[in-house]
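Visitor: Residue-level listing of the chains:
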Amino acid sequence: MAFLKLEHVSHLYFTTKTYTKALDDISLSINRGEFVSILGSSGCGKSTLLSIIAGILKQTKGKVLLNNKPLQQSEHALGYMLQQDYLFPWKTIIDNVLIGLKVRKMLSEDTKNKALKLLDEVGLPQLEDTYPNELSGGMRQRVALVRTLMTNPEILLLDEPFSALDYQTKLKLENLVYRLLKQYRKTAILVTHDIGEAISLSDRIILMDTNPGRISTIVDVPDVLREKMPFLVRRQPSYQQLFDQIWEVLNRGSDENGRGGT
Amino acid sequence: MEEEARDLKLFKTYQKNLSRERKWTIIWQLIIFISFFALWEISSRFYWIDPLLFSSPSHIVTLLIEKFKDGSMVVHAQVTLFETILGFILGTIIGILIAACLWLLPRLANILDPYLVILNAMPKVALGPIIIVALGPGYTSIIAMGAIVSVIITTIVIYTGFKEVDPNYLKVLQSFRATRWICFKEAIFPATLPVMISTLKVNVGLAWVGVIVGEFLVSKEGLGYLIVYGFQVFDFTLVMASLILIAIFAAVMYKIVEKLEKKLIKND
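Chains as they are written, first to last, in this note's numbering: chain S, 3 to 264; chain E, 6 to 273.
Excised from the complex, chain E in its bound form (with noise of 0.2 Å):
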């Protein structure tokens, strides 16, 4: 009974520890953020930085909110985010059934290879103005925009990982007379899928880059617009706001990703 009492009490010590250090944590974060953002007040009050070029928070909340009010950044926030995520979604789609095409015809794999490599080195970005040429200057050329940068990563990387698949689950099936598609269905694909939810977190970033410099070139709305729109009239409490919406906005649907992740990937 007594040897039990001190196990518990060695648990309850660890317990303890465990969630003290979990709040040091979360006070420091706090600390950091708010003396980023106080500071960046404070500078901008005393012209220590330029108010006109940094602005300053409290501008920026004031702007936000007032833009909220009239209802424009509801849709600029709502273009962008909508062309982000089309974007992140047809890209990440495009890109594994590509690398499917690619593991279960290996010929066309061979053929590929060269040009997937020139592709993945060029930068997408630079397509933009043929993109737009191409698709018209509107929803369809941003949203291209933000597939095309992640597609060809994602195809590769994802084409890798089913390359890596241990080949004796391969075997096990082809003893049963299994045909390459099935194999892919039964073994390739869901042992690929912890590598299929690391590139939808590194796409997420990825789309964000397409959909905002699609937006840089032709948009009319949009937070992109915005942030370019704001540089020509010189108000960068505008490009400011945009920023600090797109990295909340970015910021979420990393998270959403991370949750699908574990509920998916729910028996390692």
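One chain only, chain S, in its complex shape (with noise of 0.2 Å):
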């Protein structure tokens, strides 16, 4: 059964001047437990549609069902990752990754300790009192990761949450993720422009056309690269076989898109 669920939505962005259709008539359904990625090159709509699964905005049409009933009340926590940390810089480590409890005036003995437990767990032990400019890139994306896990989100929407760090630091922390989400079993959706990215950490990838954004592909990941670690995916021969496949569509896309505006 559908865990979330979106029927028909579709969202409009509003000027004073003029309007933009940035969704058009998505339908999606996502199981428990499984990790889809949306794939498109920049301005498809993905960031948009993450944030109205997120509840931060509203779509003009259509409904979005989480356990079958509308998403604004469900009580269900939603963790939200985003390209860059945004950590609060006057906040220590630990003030950060509890914010999201504090918030939800959940906070306990119990609750510091757990999050002192997973800090230590992603390899960040003995720096909740330092404050987030003492640490690197991915260190802070990390502190990220482990305040979205804190409210114990029943899904995790990550807004390119990769983009913004070095090659290395980006394979490392997907890899964590991966292994976070398996070890939780969290329902997890991605947005990303990055083909390896999705493949690597996937069960399904669902492939956005621009202008308006819409669904245009759904590909399932084969088994076998699925069940490997993000960073193995990758040495796999089906994976070049999927990305080119993958390639394909989207540059299918991108084409008759520039012939339409010509």
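DSS-like, lysine-lysine: derived pairs with alpha carbons at most 27 Å apart:
1. E:264 to S:93
2. S:104 to S:93
3. S:172 to E:176
4. S:107 to E:176
5. S:60 to E:168
6. E:176 to S:119
7. S:7 to E:176
8. E:176 to S:104
9. S:104 to E:190
10. E:168 to S:19
Chain S residues, not near chain E, derived (Cβ > 10 Å throughout):
11. 118
12. 182
13. 220
Which bits of chain E does chain S cover? Going by a derived footprint, with three or more residues having C-beta under 8 Å, they are:
14. 170 to 177
15. 184 to 192
Because the hints were derived from the structure by calculation, they are not lab data.
As the structure is a prediction and not an experimental result, all values here were calculated from the model.
Glycine included, every Cβ here is placed at the ideal spot set by N, Cα and C.
Put the complex together from the two separate chains, hints included.
Guide: Structure, rendered in structure tokens:
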């Protein structure tokens, strides 16, 4: 049964002079524990889609159901990770990590211990009293990951969380995220424009068209690739095959758009 | 070992250069200070300038000593300082509160926008007579003057600061279903602290303007009153002495705000 369900979701952005259609008739269902990537070039509305699922933006048309209930009424926590860590520079690491629980009024000695344990698990022990500006980019994004996990979200929304990092850090972090998500059996939606990242992490990849944002193709990642850690996936022969297939679809889309534009 | 000794020597030279530079700066500052007052004193003694109009440092110092001894200057200084500090604090706090209300209620901000623009453009000291009539000729009016000069510009600057906070910080909080108030408390307010401190620095100066003009208009005590009184009885030594006191107090207040800044903003 679908855990998250989008039914004919459309979204318009209005300005005083004009309006643009960011999303057009998106229908999608995601199962519990699934890792889904949304892949598309910039301007295909993928971040808009994520904001709608996060409940930060209200769609202009259509329904979003979480566990068969409208999103706004759902009790489930959502975790949202952005392109940059957006740690609060005036808060210590531990206060940054606990901010979600503070907002939801769920702070306790227990949760603090859990946070310390989780920080330890992502390789940041004994740093809880430092400030974010003392950490490197990769470390900060790991803190952001812990912050997201602390509210025990049912769904993790990842908005290109690795794009601002250098390649090595990015690969390491991909592995860490993958391991943690499988370990805690989380559902995750990753927005990215990096085909390799999408293949190595996901169970399913949704390819999107630009202008307006529409689902063009849904690609199931073969089992051989799904079971491997992200770093190892990239070495599989079928990885290259799938990469080429997706590349083809994305290019076809952009060519058509190019012709339409002239 | 040798390498290390050479590096250490380079470092020592760097330090020496730095402290020499600092020494030169101070020496020049002293030269300007002393030559200004010396020139003033000499030109007054030799009647290059009219000593009746421009007084002289020695006269001013004598007057200050005399007035501090009989306690009258202490009273005047206390009154003005009290009014200025209170006006400054009130103006700043009310400005921040209004800015917070505007951010928390965007519709209110839209409605009030043109009024803020007009109030900001209007010279606040022109309101002086009305304030005095409304609040009575006393401390209250003068404190209100000190506050009113800074309150609108504080509101505008800080509200702009609130709006310029990176919206992604709010996105993080909203994904935890934070209310607008919590967003304000956890992100907007702390992120704008540096802006608030720089507003404090501007407001120190503005509060003095408001209070001195207020005292010009109405008071029986205070440094502004002394300036007007000195002007009326043609005692320009008194005017200059009051001016110098005001300059000293304003500088001290500014330094205190600077200390506060260093204390509050430590994680940058």
